[in-house]
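Using the hints, build the complex out of the two chains.
As you go down the protein sequences, you meet chains U and R in turn. Each residue of the first sequence is one higher than the one before, starting from 747 at the first, in my numbering. Each residue of the second sequence is one higher than the one before, starting from 3 at the first, in my numbering.
Keep in mind that a hint or two might mislead.
Stated by the list, open to error - Covered stretches of chain R, as calculated for chain U (at least 3 residues, CB under 8 Å):
1) 16-23
2) 27-41
Unchecked claim - Derived contacts from chain U toward chain R, CB cut-off under 10 Å, selection only:
3) Met747
4) Asp755
5) Asp816
6) Thr818
7) Leu819
8) Tyr820
9) Arg821
10) Asp823
11) Leu824
12) Arg825
13) Arg867
14) Asp868
15) Gly870
As the list claims (entries may be wrong) - Simulated restraints, written as ranges between beta carbons of each label pair:
16) Arg156(R) <-> Asp836(U): 13 to 23 Å
17) Arg762(U) <-> Thr55(R): 53 to 63 Å
18) Leu888(U) <-> Arg33(R): 21 to 31 Å
19) Asp53(R) <-> Thr917(U): 57 to 67 Å
20) Glu32(R) <-> Thr827(U): 25 to 35 Å
It should be emphasised that the hints constitute simulated quantities derived from the structure, not laboratory data. From the three backbone atoms N, C-alpha and C, an ideal C-beta is built for every residue, glycine too.
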Amino acid sequence: MTTVLTGSDVTRAVTRIAHQIAEAAPPPDAAVGGHPVLLGIHTRGVPLARRLAAEYRRITGREVAVGALDITLYRDDLRRTATRTPGPTDVPFPVEDRVVVLVDDVLFSGRTVRAALDAIRDLGRPAAVRLAVLVDRGHRRLPVRADHVGRNQPTSLDEHVRVRLAEVDGTDGVEVLQPTPAGGASA
Amino acid sequence: MRHLLSTADLDPAAAVRVLDTAEHMAATQEREQKKLPALRGRAVVNLFYEDSTRTRVSFEAAAKRLSADVITFAAKGSSVSKGESLKDTAATLQALGADAVVVRHPAAGAAYRLATCGWVTGPVVNAGDGQHEHPTQALVDAFSLRRRLCPGARDLAGTHVVIVGDVLHSRVARSDVWLLSTLGARVTLVAPPTLVPLGAGSWPCAVSFDLDEVLPDADAVMLLRVQSERMTGQFFPTAREYTRRYGLDARRLRALKDHAAVLHPGPMNRGLEISAEAADGPRSLVLDQVSNGVAVRMAVLFLLLTGNEGG
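Here chain R stands alone, though its shape is the one from the complex (with noise of 0.2 Å):
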């Protein structure tokens, strides 16, 4: 692994490896001493872009378990408000001497583009690239799927997870339909077919309009949020409406099987795509999500700032 860019880079071997890795960061993450010698004097770079609390920290968190030093850097507040470009400013970083660099952006393909283009030399891990990808995401939540549905196992093979909402506008869901299909689960999306991309059709999922007719055969339940920031157009009538055919209230949450889990990558509008009933029930593995987060980013980052110096 060189880079984290798109999920679908991903082969079955290596990412059952990451998941493996993240098993054992998490251990580590049990005991009273947290911090690792293991990528002590390397700088890790978060170029972000776009406004982020989850990521941006538990990528700070995983970075500083691992003893690398952390260079945190918003737009806002930095040249970039002043018009510098990203080139202009990944070169600054490789300045100052980045050995990885952790990007959000709100351009899809920005962290293409900076793996590809001799800016920087380090490794870089693709933290949201616009409605593209987000593959630490997907590795988070993969992995609490496993630990939650086939404890013991390699992979996801035999579940069947659904994904629901706003598939159009989620980075999210991209990095979900290749990583969970790649690793043996069966996805199904759901969506108005406002919300449903281009394209979809030949992604390795299945298609649906109606949540209803597929609940009942689902292992797992992922909520999207509904993102109104990046909406311009209309593509529902109503929240109401919305909320209605394809929010998970409490009489959808009872049509599910018993060991069926919820997740939703956060940030939740409450009573609009999920319930309150849903969010925090038994079934919610919402705050595992956060909680994962740390030991899954912490093993992204061991695998790709180790062992790449030849020698």
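Bound-form chain U, shown alone (with noise of 0.2 Å):
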């Protein structure tokens, strides 16, 4: 097990992708002076997303619009894996013309955000998406990146990426969890 980000480090990447956010220029036609809306995804998008928004907040003095993004009805592997029971999408404001920053904690092959670009279209059209994540560990199979990067941190297939997060799990940290040789990831 090898820690890439501790409790700290986490903190600082937040401050730092909120900076990015605030900094971003908006495109011509969004709506409201160009303030985004954070969409996190769930699980721990959504506390990310919590975070940015008090951060964008302290850095601004601009409220922030946060909302909670269930993906797993428009995932395109429902087939094979074992479903997970959807969580409560929580989108209480229009994303229509808004700039999205999407939140998420680990991009790994970019399936989860190709299923949430589906389920931000079902809630409207934004002026702009853009992605933000804690960790992007490599390995796309499709067509994605993301803006805002906390750590960029090469991985092997094989590898796991645990992200806690306090609200979620206690403890902030990341961590790569390399395979055992008995097969799966164990710490």
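What follows is the structure, encoded as structure tokens:
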């Protein structure tokens, strides 16, 4: 097991991403002065989006709306993988003509982001969609890239990246778990 | 969950999972864009050997909202009226590429037979088999009850549900007894002795013949339709006597606890088992039972048709 981000590293990464989001130029057709809305992808993208919103508020003095997006019903592997009970999608504001920042913990194949883009399309037509992730571990299977990355962490395919956030797991940190000889990943 | 044939097959975790999934399905149905891509490219066959409005339409709507293709097959006007057997019909549907079959049949056990005989490979949903079970209706009832009586709770623990009327002919009552008790509710069946099925003593519920005695303690009352089309003999002297002893009239409505809910799986015989005042009043969940039907059936189809192709 290798720790790649400690608790304070996670906090710094969130602050840095919030600055980047605040500085990003809005597209000319964006509504509400270009202030973005944050959509966290279940599970750990949601608390990350809340933290980014709090930082954004501290930096700019402006409130930013936060929503939660569940993409279970939009996955492309529903036939094969055991299903998770869909979580709540809670987007209590219109995304029409807004800049939407999708927030997730790990960017891997890009399939989750593809599903999230479909889910957003069913909510409205944003002016732009950007992507913020805490860790980019590589191995993309789709033409997807993140606009804001906390840490680029090259991994091998059989490694497992474990993100822990205080809101969900009681503590902050990112670790890379090596596979055990028996197969699955282990601490 | 491989098939949904009987609510007795559902353990508490599985039952709660269906209700929770249905809750999220219901939330998606309040959006402008109601269609979800989850079952795109899958075919759901509605195989109905018996008349139905609510169940057939809500299964059809549920499958369509999840982007599945729906083939509705009514026995009337099909080769069944020329004498085709369930087996041959099922084989035909299988050859047409049905991914799931929703079946309603007048014979108890038809869905079980379809699921276990290897005639079809996909999941089978029992949409009512004779006087045996109607699991999705029970899930709709449990969903409506949980929303009304236990908002935010996992199950129905601590509630007392009274089911009144023609238990003998009611598949809904059987499914409800198993499901509601699995979810922690206390269930009491109330019916004239002639309409209590043999063996009801071994079910996870109490049985009473006196509605007035039970009502003040109920958190919910479910009225069952008097199924005159299934009654070949005399089960009670007159409809008026039935209404007087077992109908939910204005006087009995007032005897209920303040929060108590009234349910009826429909179609209702107004004035027989339920008064208009009870059916249309603020306690009534009758319309919720219809509107929740789509979300619950979406959840059932979603859970049955996803994650079952290994790999």
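Verification of the supplied hints:
1. Requiring three or more residues with a Cβ within less than 8 Å of a Cβ of chain U, the coverage given for the segment 16-23 of chain R holds, as 3 such residues are present.
2. Residue count for the segment 27-41 of chain R with a Cβ under 8 Å from a Cβ of chain U: 10. That meets the three needed, and the coverage hint holds.
3. Hint on Met747(U) is violated. Least Cβ distance to chain R is approximately 29 Å, over the 10 Å limit.
4. Hint status for Asp755(U): violated, given a least beta-carbon distance of 34 Å to chain R, over 10 Å.
5. Residue-level restraint check for Asp816(U) holds (minimum Cβ-Cβ distance to chain R is 7 Å; threshold 10 Å).
6. A least Cβ separation of about 8 Å between Thr818(U) and chain R falls short of the 10 Å threshold, and the interface hint therefore holds.
7. Annotation: interface hint on Leu819(U) holds; nearest CB of chain R at approximately 4 Å, less than 10 Å.
8. At a threshold of 10 Å, the smallest CB-CB gap from Tyr820(U) to chain R is about 6 Å, leaving the interface hint in force.
9. The beta carbon of Arg821(U) comes within 8 Å of a beta carbon in chain R, closer than 10 Å, and the hint placing it at the interface holds.
10. Checking Asp823(U) against chain R by beta carbon gives a least distance of about 9 Å; that is within 10 Å, so the hint holds.
11. Given the 10 Å rule on beta carbons, the hint for Leu824(U) holds: about 4 Å separates it from the nearest Cβ of chain R.
12. Interface hint at Arg825(U): satisfied, since its Cβ lies 5 Å from the closest Cβ of chain R, which is below the 10 Å cut-off.
13. Below 10 Å, beta-carbon pairs count as interface contacts, and Arg867(U) has one with chain R at about 8 Å; its hint therefore holds.
14. The restraint placing Asp868(U) at the interface with chain R holds, with a minimum CB-CB distance near 4 Å, inside the 10 Å limit.
15. The interface hint given for Gly870(U) is met, as the beta carbon of that residue sits about 8 Å from the closest beta carbon of chain R, less than 10 Å.
16. In this structure the supplied range 13 to 23 Å holds for Arg156(R) paired with Asp836(U), their Cβ-Cβ distance being about 19 Å.
17. Between Arg762(U) and Thr55(R), the C-beta spacing of about 59 Å keeps the proposed range 53 to 63 Å intact.
18. With their beta carbons about 26 Å apart, Leu888(U) and Arg33(R) fall inside the hinted range of 21 to 31 Å.
19. One distance hint, 57 to 67 Å for the beta-carbon pair Asp53(R) and Thr917(U), holds here, with the actual separation near 59 Å.
20. Separation of Glu32(R) from Thr827(U) is about 27 Å and conforms to the stated range, judged on CB atoms against 25 to 35 Å.
Hints 3, 4 from the earlier list are contradicted by this structure; the remaining hints agree with it.
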